[in-house]
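K.L.:
Dock chain B against chain A, hints included.
Those sequence lines, one after another, are chains A and B. Position 13 of the first sequence, counted from 1, bears residue number 13 in the working numbering, the numbering being contiguous throughout. Position 134 of the second sequence, counted from 1, bears residue number 134 in the working numbering, the numbering being contiguous throughout.
I should point out that these hints are in silico values taken from the structure, not numbers from a laboratory. It is possible that some hints are incorrect.
[Said to hold, decoys possible] Over the 12 Å line for every Cβ pair with chain A, so calculated as not near, a few chain B residues: (1) 21; (2) 56; (3) 58; (4) 84; (5) 116; (6) 152; (7) 308; (8) 314; (9) 349; (10) 350; (11) 359; (12) 366; (13) 368; (14) 393.
[What the hints assert, rightly or not] Footprint (simulated), chain A over chain B, 3 or more residues, beta carbon under 8 Å: (15) 130 to 144; (16) 383 to 392.
Glycine included, C-beta positions come from ideal geometry on N, C-alpha and C.
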Amino acid sequence: MTQRDVTKLARTTAAAVMLVLLAAVWRHYQPPNRNIAFPAGEIRIGVDGSYPPFAFDEAGNLAGLDIELGEAIAGEIGLPVRYVNISFYGLYDALITGEVDLLIAALRVDPARTNAARYTEPYFDDGLVLVSAPGNRPISADALSGVAIAYEFASRADSRIRRWESDGHVIARMPYELSTYALDALRLGQADAALVDAISLRLYARERREWQYQHQFVSREPYAIAVRIDRDEAFKLVDRALSTLKESGEVARIVAKWF
Amino acid sequence: MSAKSSLSSPVKDAAKRQRQSILVIIGLLMLFALVLRLRPAPRNLLPAEARVVKTAKPHVCAHTLLENEVEEKKILRSLELVRELGATTIVQFFPWAYAETRAEHFSWDRFDRIVRHAERQGLQVIARLGLAPPWLNDDPDATLNTLPERDDPEFAQYAAAFAARYAGTVDEIIIWNEPNLSFEWGYQPVNAERYVRLLQETYPAIKAANPAAVVLAGALAPTLEERGSSAGLNDLDFLRDMYAAGGGDYFDALAIHSYGLKEPPSAEPAENRLNFRRAELLRQIMLENGDGQKQASITEGGWNDHPRWAHAVRPSQRSAFTVEAFEYIEANWDWLERLCLWAFRYPADLNSYPDNYTLVSADFVMKPIYYALQDYARGWEREGTLWLPPPETE
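Just chain A, same shape as in the assembly (with noise of 0.2 Å):
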């Protein structure tokens, strides 16, 4: 082989690891195809129908905030949408065997799962919240010594109390057997706080209209959609979806509705 020869092959072989990887860009920036990202035509979401608010049985029809949501991001994408109702155990199978295509079931973003599922941005956080009564100054998870924190006994929340104190801080521990036990304790005044998880705090508020509360987030607990990890076309959709959701309000109507 000539120098002539190796210079042409050098030259060819570049031209074409080019247009290799302008076809990658391109490829990148393109729409995504739902016909790619759904061949069957519908948005097949697995549900676990035994969680409410999130998805239940209602005459018949599963209903809550995670059928409704699955519905608006099958609107946005434009495809009808079917739901597979499952288990919590057998959730993230069905999605790798392709029984379904995603999955909206109140799942926590779960790292041990991240070799097989792609999450979205979050659409709720179910993280522990630090409640308190309103006009004083917040209590603060920096300065809790003293405090006297009512709790669900054997909770996440339980678990929490007992990390800061081996921090070293000095809790006055209340614990009840439910949190709606601890969220009363902090309305009568019995606590100075109460420690409980997102969602307890906002079905205890919706039937308490009248109850004022002040409270921070002291851990984050993300709720997101999951997809096979391999179908980077559906991510694509049900990611923009989502996003398009947000920020146009409907997801947080749809939170609201339900709690």
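P.N.:
Same frame as chain A, but now just chain B:
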């Protein structure tokens, strides 16, 4: 000595010295790499002396999930807590995928660790076997529950190897899990004949490896699925189908899954209801098929106390129902050896309602049910309460 060799000698020596230097440098680099890899010897966490379970109720048992536990000290702590609970036995999952990491190459270290610790805590072990290795199936849609029938002999080989290795220590083995659910076959259709063929392949292999082994079959999911459902088939019809397919010859005892859901343990059973005493309907099918001499164990069961799950009860109800269930067994079910509660502890939170099946949280907080069950198993009377009474809201 020739002139040629005398001339070339200094050159040869230099080359030799150069080779030696390179070898020394390589040797030093290898030594350096070896030093970098050195770690302190792991501390032996195995208690020096064997412990004994102190219990008044030998039918108390818990399902552990230690197969995914990374830290040995957490395995030790979990099993210590099981023993202190007063449970005599654990059901433990030993996934095939974890042992046979490539064809016919078994790696037992993880299982050895669990079995050694259980033995040292004085606990009996019932092994649940399942979960196919990924190398077995290159279908991208397959899950670890996918087991094509052609691979049944491979599974039997694993079961036999397991039975032989732990003979005398682990002598009760459950074949597969909830085979009446399509999820447990990688979302393939379920049928009892298929499961019976797996038993036919596996049962003799286990017996040949450990003649004293007790093979448990079933472990059926309590469900009301009708024939033709894509999700599976109800446990009662599935067991009837197992007998019809000749499955009765290929197990020594029945593994039962019995969950109370929202009903107390005394609630009457019925074919169209899911509750704790559904186990009696499975027992009746055993009797109808001439298997009355065989024992059974509930290898999964209990109640859930998640605040929002539709099928959960309150924490105090969960504690009370669970103890009542054990009392009910003592009084009424002489054919049942144990009730193994699902689940003792998860290595990490699942972040949903299944977390509220556990007796101990992932970070080792004992739940009310743990204390209630401990009082029952050990015959203790505990003073004081774990939580405050509800605030007076009126």
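K.L.:
Which earlier hints turn out false for this structure, listed by number in ascending order?
P.N.:
7, 8, 9, 10, 11, 12, 13 and 14
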